[in-house]
Amino acid sequence: MRSREIGAATFLALVGLVALVASTRLPVGTVHQPGPGFFPLALAAGLLLCGGALVVRALRLEVPVAAPPASAGPPLRRGRAVATLVALFVYAFAIEALGFTVSTFLLLTFLFLVVEPMRWWIAVGSSAFTAGASHVVFKVWLGVQLPVGPWGWF
Amino acid sequence: MDLAQNLLFGLQVALQPMHLFACFIGVFVGTLVGVLPGIGPVATMSLLFPVTYAMSPTGSIIMMAGIYYGAMYGGSTTSILVNIPGEAASVVTCLDGYQMARKGRAGPALGIAAFGSFIAGTLSVLGIMLLAPPLARFALDFGPPEIFTLLLLGFTMIAYLSSGSKLKAIALAFLGFFLGTIGLDPITATARFTFGTVTLTDGVGLVPMIMGLFGISEVLLNIEESTKQEVFETRISGLLPTREDWKQSIGPIGRGSVLGFFLGILPGIGAIIPTFISYALEKRISRHPERFGTGTIEGVAGPEAANNAATGGSMIPLLTLGIAPNVVMAVLLGAFLVHGVQPGPLMIKEHPEIFWGVVASMYVGNAMLLVLNLPLIGIWVQLLKVPYGVLFPLILLFCVIGVYDVSGNSWDVVIMLVFGVVGYLMKKLDYEPAPLVLAYVLGRLAEESIRQSLLLARGNLMVFLSRPLAGTFLVAAILVALGPALLPAFRRVVGLAKSGGDSPR
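Order-wise, the sequence lines are chains X and D. According to my numbering, the first sequence is numbered sequentially starting from 1. According to my numbering, the second sequence is numbered sequentially starting from 1.
These are computed hints drawn from the structure, not numbers from a lab. One thing to keep in mind: the hints can contain errors.
[As the list claims (entries may be wrong)] Residues of chain D clear of chain X, computed beta-carbon distances all greater than 12 Å:
1) Leu130
2) Thr181
3) Arg458
[Unchecked claim] Restraint ranges, calculated between C-beta atoms of paired labels, are given here:
4) Ile285(D) / Val28(X): 52 to 58 Å
5) Gln16(D) / Ala128(X): 36 to 42 Å
6) Pro484(D) / Val28(X): 47 to 53 Å
7) Thr188(D) / Arg2(X): 40 to 46 Å
8) Ala128(X) / Gln5(D): 55 to 61 Å
9) Arg2(X) / Gly293(D): 18 to 24 Å
10) Ala97(X) / Thr188(D): 34 to 40 Å
11) Met118(X) / Gly378(D): 42 to 48 Å
12) Phe93(X) / Leu374(D): 44 to 50 Å
13) Leu15(D) / Arg2(X): 55 to 61 Å
14) Gly408(D) / Ala133(X): 20 to 26 Å
15) Ala133(X) / Ala367(D): 28 to 34 Å
16) Val31(X) / Gly293(D): 37 to 43 Å
Note that the structure is a prediction, hence the values are computed from the model and not measured. Where is the CB? At the ideal position from N, CA and C, for every residue including glycine.
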């Protein structure tokens, strides 16, 4: 817990530092006549200060002497969250190249098969139906500008 | 007389077929997401954001508001039947609602939750009608200095009232403000932190940010948890509360409504805190406090009324001052701005059809919700049995389509996913995302108003103190900010004075 708190606070402080450096490249102006960089600079300084204070506070947290007791709740299935996230990032980049319908079919099949296992033919069938139905509803019916991909029509 | 005329005008607007349909879709979807745990009104409102482009401003706001108060109705169903809050503001309803269901009184629990919400919703609409116009007239005198100092007061209150660490809330508010500065500078149009990309010229999109922080992160958290929800299997009968139930509930409903409405107006409160206060209040004044937690109807009626009244209360700062007191209202503010309508003191005059139409639609929506939540309760119970494994890919798909529709740019999908990871980590590390989003939404207005103030006052910083209203807001903000530090010292001084006075001479 302590190391996670320190990590999060350090990250915030680092973001503040990077923002501070980036803000100095804009015209800052004065307190009486602030320029485009004035507020970003002040905000970045505030973030850096708060992040620093959070790091100090986290460092003061007591280190547990013994290993923390196992939590009473059921175990987390973190792999599923990571797999979903990776699939979504791949999908975000594939959507322009493959088009909405094909990439959505592939994403849903992956999620149905890997993240929440079900029989393959149910997964493929449900994905094909959902991808097709969302194509009709969003693209044809509601006119949402979704990418078409190399096949031209879906 | 004016009030009746205005309400009649509002009803004419709200009862137009398209607005009736928008209201129905809003409350229907609101109930749906309220019932389903894991997706809240904020994520849903941002999800439907793009759909509103094709609608009139009035229709859009009617639908968006419907989602918010509809979710308050739906949230109680899951709390009572599954013991999992369908929506964060229904946490307290679990305590006695689920116990009532276990005792075979699921029907009256659901019934009083719906009737309590209806009464509170109606009373809060009445409150908006009475309070908003005079407040808007008062706010007409506001210039940039008043707006800036009021925003400052709002932010200090949000940090002061945030549920977790104040320092974390302040740090995230700074980060939110900073993210708001990305894009073109509001005064000189200089590009700031855009890295030469077109995607960031308009700034970080509100829709990808909210959907990532609230929608994607919730899905990620839900799918890694292996708990299975079990619907309490009981025949739901006798939805109409008995005379005895009414006798016990009417006081809590009245108190919950008043409490929820007035607390809802304050920045940073939202709909959750009033439910806890209402529960604590009912327990304290009850003749049988020991019954609370074992399935007493007062423990359902009070908090359910409070969360619905709070939704009405929180509309007041938005409609009269143009300031969003919580994240849901920030999304609603975004919906107004997308349609070129600036909510604030001039809105009642410039767009009376929107103001009175939305207020009247809340009456209509509350009546619709009563029908949706009582006779149709069986449908919602069936819905709770759909496995999350089937639901979550669909929720993710809607998030992607929603974001893509706004800009037609797949980089916005990537931005949403990045915020999804950020939101997921924030929840794991006890960082509340609300201050970040609120600061982001209001940051631009804050920067604009402070720079306009300084331009008008030729750089004289005293402009924030010399104007009476701005000065009052500024002093109040300083007191709220320094309150936690000054209070112990003040108590010590008072304690010393008392002990000095009491000591024998």
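### Query
Once the closest CB in chain X is found, is it more than 12 Å from Leu130(D)?
Its Cβ never comes within 12 Å of chain X, the nearest being 38 Å, so this holds.
### Query
Range hint 18 to 24 Å: satisfied by the CB atoms of Arg2(X) and Gly293(D)?
violated (34 Å)
### Thr188(D) versus Arg2(X) beta-carbon gap, inside 40 to 46 Å or not
holds (45 Å)
### Task
Note whether the CB distance of Met118(X) and Gly378(D) lies within 42 to 48 Å or breaks it.
violated (27 Å)
### Message
Assuming the hint says 28 to 34 Å, is it satisfied by the Cβ distance from Ala133(X) to Ala367(D) or not?
### Response
holds (32 Å)
### Query
How does the Cβ-Cβ distance of Ile285(D) and Val28(X) compare with 52 to 58 Å: does it lie in that range?
holds (57 Å)
### Message
A range of 20 to 26 Å was offered for this pair. Does it hold for the Cβ distance of Gly408(D) and Ala133(X)?
### Response
holds (21 Å)
### Query
Does the hinted range 55 to 61 Å hold for Ala128(X) and Gln5(D) at CB?
holds (56 Å)
### Hint check for Thr188(D) and Ala97(X) - Cβ pair distance inside 34 to 40 Å
Given about 39 Å between the Cβ atoms, the range holds.
#### Entry: Outcome for the supplied range 44 to 50 Å, where the beta carbon pair is Phe93(X) and Leu374(D)
Holds - the Cβ-Cβ distance for Phe93(X) and Leu374(D), about 47 Å, lies within 44 to 50 Å.
#### Entry: Interface-negative label, Thr181(D) against chain X, beta-carbon threshold 12 Å
Violated, because the least Cβ-Cβ distance between Thr181(D) and chain X comes to about 5 Å, which does not exceed 12 Å.
### Message
Looking only at beta-carbon atoms, does the pair Pro484(D), Val28(X) fall within the given range of 47 to 53 Å?
### Response
violated (32 Å)
The earlier numbered hints that this structure contradicts are 2, 3, 6, 9, 11 and 16.
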